[in-house]
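Taking the hints into account, I'd like the entire structure generated from these sequences.
Chains as they are written, first to last, in this note's numbering: chain X, 1 to 369; chain S, 1 to 343.
Each hint should be verified, as a subset may be incorrect.
With a straight-line Cα cutoff of 20 Å, these simulated SDA-like cross-link-like pairs (lysine to any residue) come out [to be verified]: (1) X/K152 <-> S/M277; (2) X/K149 <-> S/E320; (3) S/K32 <-> S/S18; (4) S/K173 <-> S/R309; (5) X/K78 <-> S/D305; (6) X/K174 <-> X/I130.
Treat the hints as calculated values from the structure; they're not laboratory data.
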Amino acid sequence: MKTEFLGFELKNPVIIAAGPWNRDGKSIKKAFESGAAAAVTETIVSDTISDVCPKIAFDGMGAENIRLYSDIQVEGWKNEMQIAKSGGGVVIASITAHTPSELAYLAIKLESFGADAIEINLSSPMGESIEVFASNPECVYNMTKAVVKSIKIPVMVKLSQNTTNISEVAKAAKQAGCRAVSAINTIRCILGVDIETMKPCLSTYGGYSGVPIRPIGLASVAAVSQAVDIPVCGVGGIENFKNVLEYISLGASAVQVGTAVMLHGHKIIEKILSDLEKWSQEKNIHNVSEIRGLALKNLKSFEDIRFEPNVCDSDSGIKCDDGCIKCINSCIYSAIKKNGDDVIIEKSRCTGCGLCNFICPAAKLKLTW
Amino acid sequence: MNIKEIAKKAGVSVATVSRVLNHPENVAEETKQRIREVMEESDYTPNWFARGLNMKKTNTLGLIIPDILNPEYMEVAKGVEDVAQQMDYTILMCSCENDVEKERKYIDIFIKRRIDGIVLISSLLNDKDIEEVRKRDIPVVAIGENQELTCETAMIKIDCRNAAYMAVNHIIKNGFRDIAIIYGSTPFKENKEKLEGYISALKAEKIDINKEHIVETGNSAEDGYLAAKKLIKSPNPPRAIFASSDMLAIGIVACMRDCEVKVPEEMAVVGFDNIQMSKLIEPKLTTVDKPMHKMGVVGARLLFDIIDRKNSDESMKMPEIMLQCKLKVRKSCGHKERIGEMF
Numbered sequence: 001m002k003t004e005f006l007g008f009e010l011k012n013p014v015i016i017a018a019g020p021w022n023r024d025g026k027s028i029k030k031a032f033e034s035g036a037a038a039a040v041t042e043t044i045v046s047d048t049i050s051d052v053c054p055k056i057a058f059d060g061m062g063a064e065n066i067r068l069y070s071d072i073q074v075e076g077w078k079n080e081m082q083i084a085k086s087g088g089g090v091v092i093a094s095i096t097a098h099t100p101s102e103l104a105y106l107a108i109k110l111e112s113f114g115a116d117a118i119e120i121n122l123s124s125p126m127g128e129s130i131e132v133f134a135s136n137p138e139c140v141y142n143m144t145k146a147v148v149k150s151i152k153i154p155v156m157v158k159l160s161q162n163t164t165n166i167s168e169v170a171k172a173a174k175q176a177g178c179r180a181v182s183a184i185n186t187i188r189c190i191l192g193v194d195i196e197t198m199k200p201c202l203s204t205y206g207g208y209s210g211v212p213i214r215p216i217g218l219a220s221v222a223a224v225s226q227a228v229d230i231p232v233c234g235v236g237g238i239e240n241f242k243n244v245l246e247y248i249s250l251g252a253s254a255v256q257v258g259t260a261v262m263l264h265g266h267k268i269i270e271k272i273l274s275d276l277e278k279w280s281q282e283k284n285i286h287n288v289s290e291i292r293g294l295a296l297k298n299l300k301s302f303e304d305i306r307f308e309p310n311v312c313d314s315d316s317g318i319k320c321d322d323g324c325i326k327c328i329n330s331c332i333y334s335a336i337k338k339n340g341d342d343v344i345i346e347k348s349r350c351t352g353c354g355l356c357n358f359i360c361p362a363a364k365l366k367l368t369w
Numbered sequence: 001m002n003i004k005e006i007a008k009k010a011g012v013s014v015a016t017v018s019r020v021l022n023h024p025e026n027v028a029e030e031t032k033q034r035i036r037e038v039m040e041e042s043d044y045t046p047n048w049f050a051r052g053l054n055m056k057k058t059n060t061l062g063l064i065i066p067d068i069l070n071p072e073y074m075e076v077a078k079g080v081e082d083v084a085q086q087m088d089y090t091i092l093m094c095s096c097e098n099d100v101e102k103e104r105k106y107i108d109i110f111i112k113r114r115i116d117g118i119v120l121i122s123s124l125l126n127d128k129d130i131e132e133v134r135k136r137d138i139p140v141v142a143i144g145e146n147q148e149l150t151c152e153t154a155m156i157k158i159d160c161r162n163a164a165y166m167a168v169n170h171i172i173k174n175g176f177r178d179i180a181i182i183y184g185s186t187p188f189k190e191n192k193e194k195l196e197g198y199i200s201a202l203k204a205e206k207i208d209i210n211k212e213h214i215v216e217t218g219n220s221a222e223d224g225y226l227a228a229k230k231l232i233k234s235p236n237p238p239r240a241i242f243a244s245s246d247m248l249a250i251g252i253v254a255c256m257r258d259c260e261v262k263v264p265e266e267m268a269v270v271g272f273d274n275i276q277m278s279k280l281i282e283p284k285l286t287t288v289d290k291p292m293h294k295m296g297v298v299g300a301r302l303l304f305d306i307i308d309r310k311n312s313d314e315s316m317k318m319p320e321i322m323l324q325c326k327l328k329v330r331k332s333c334g335h336k337e338r339i340g341e342m343f
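What follows is the structure, encoded as structure tokens:
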């Protein structure tokens, strides 16, 4: 399934996100070998920062990292970029800085080294200030503008949920002339605390990524897609082809996968791509544009949600002898009871909240009217 | 042994030996190997000066710093060196001890030694001096501002006015209103801007400016010590002091200790620069984090860009890169929230 993104025709919509898995030319080549159409370098800075360890934590659901930026100086990226480009995919250089002129200078350097595009990262929640740059539309505008007017290659801005209104930030980035935006970056977090030692998982605030941030990413991509008409790249918690399609259906032209590569290796990209290919063959869909934003139409304002007197169907009782009582425990309205092997729903008590439909492991409960 | 003798011994021309040294990619592998073996046997190293003349470059940068004893400049110099090393360049570093005549003399030496480019840190040179160097087609980058320059120069700067405003505003937010400033004599322009930032931060909070609380002094810790002593002995001593450099601030903290004035309870102190020592003294110094190493790195990088473009036809606009200063909250300012220290 092809897509047009940042002025490139990509053979598929999967891009490997910025991160240590794309730390040098060799690892980016590996990204292309897995089939990804493009890869974003680990974020490159003017002056490298000394590394810390440990720097990554995982709790079985999401990951926290305090890994800060590329440890290869700009000079070194001249060579790494050549190696990365020999892999045949689109190489996007991720950069960050603290002033417009510093950022623009980095962009000029990376363009001269052969980067195909730039992703501006103004939203890493680690080690920066309490408010990241991407919190503030004016700041994003100034930074983006400085880069856009200094280089010829396309520019994408990575947005953050660490702001009150992500759509406003996207508008500022668009106004400054960026060709696309990506959403979302990691979210500031503390993964947990060891209550024996009273030590947080990692020794400072980190960035949260992985499956748990996907719903936030999806909402952000939808909100941004509804606010600006430039292409959007969906990022956050993608681990299978369905997630890719979810992002696309909410307006994304392409997606980025990061944490899944960190947790499962590059083979997860191969799996996502082969499943995606199979799905698109079955559905006879060959370009992302055919399905992009289709789910946005079904996203309504609260007042437009039609009132339907939905309740759980219970006329005859539902046969269930699994010994499972999850639905009964979770019914906040006490409408579900068990009678022998039957699950009985008291229609007069059921408010049609819908929770039991998601709770039932056998998918036996349904709302109807 | 010289290049001619090597050529003779290896049975090749002088030009071939020269190519092995300077453009080895253009020499057949077998020949290259043979010549290198002869060089090794004869313990031959090329004549560095002769090579510079011939190649029209010496792979040397000139670096002038105002004061070799000031750790601030050493961190900038380290940044310059880190990039130079990767580019296979050596640095000739000179300290001019804040003397413009000495600085001019060093520039003259650099030109005579045919260095490929010059990095000036907080230079005292004026427009005319810099034009002189540029006329000789030697690329120059200035890091930090000391004099008002109007000529087009590649430059790395920081916004001292804004940074000082931020620092003084932070002191006010911590509940202090009698705030003095002690500033050094150099870098002249940056310190003037820090003073302006101090005044506008006080004005913004409608605090009257007390002229006795504006003190100019030298640049050493000792100068800071003495200036602070004078302030606390005055009829209306301040409750907080903003210093234009960490060296001054360290002197101020030492003076308070000797005079048994508690920092920050009785006297808050905030510095500027964030030199490594500032987190080692007690109480740890709240300061403005000046990206000194980064200034050196980006400055050197810019210089190599200009050196690279020297032989190309396209004219290059001399860029100015502004780097950001950040407030580094520690203990000496009397700040109570931990979150401020985290970021």
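Checked hints:
Annotation: proposed proximity of X/K152 to S/M277 is violated, straight-line Cα distance about 44 Å (limit 20 Å). Restraint check: the Cα-Cα separation between X/K149 and S/E320 comes to about 15 Å, which is no more than 20 Å; the hinted pair holds. As the CA atoms of S/K32 and S/S18 are separated by approximately 11 Å, the hinted pair is consistent with the 20 Å bound. At roughly 49 Å between alpha-carbon atoms, S/K173 and S/R309 are farther apart than 20 Å, so this suggested pair is violated.
Among the hinted pairs, X/K78 with S/D305 is consistent with the structure: their alpha-carbon atoms are about 13 Å apart, no more than 20 Å. Under the criterion of a C-alpha separation no larger than 20 Å, the hint pairing X/K174 with X/I130 is inconsistent with the structure, at around 25 Å.
Of the hints listed earlier, those the structure fails to meet are numbers 1, 4 and 6, in rising order.
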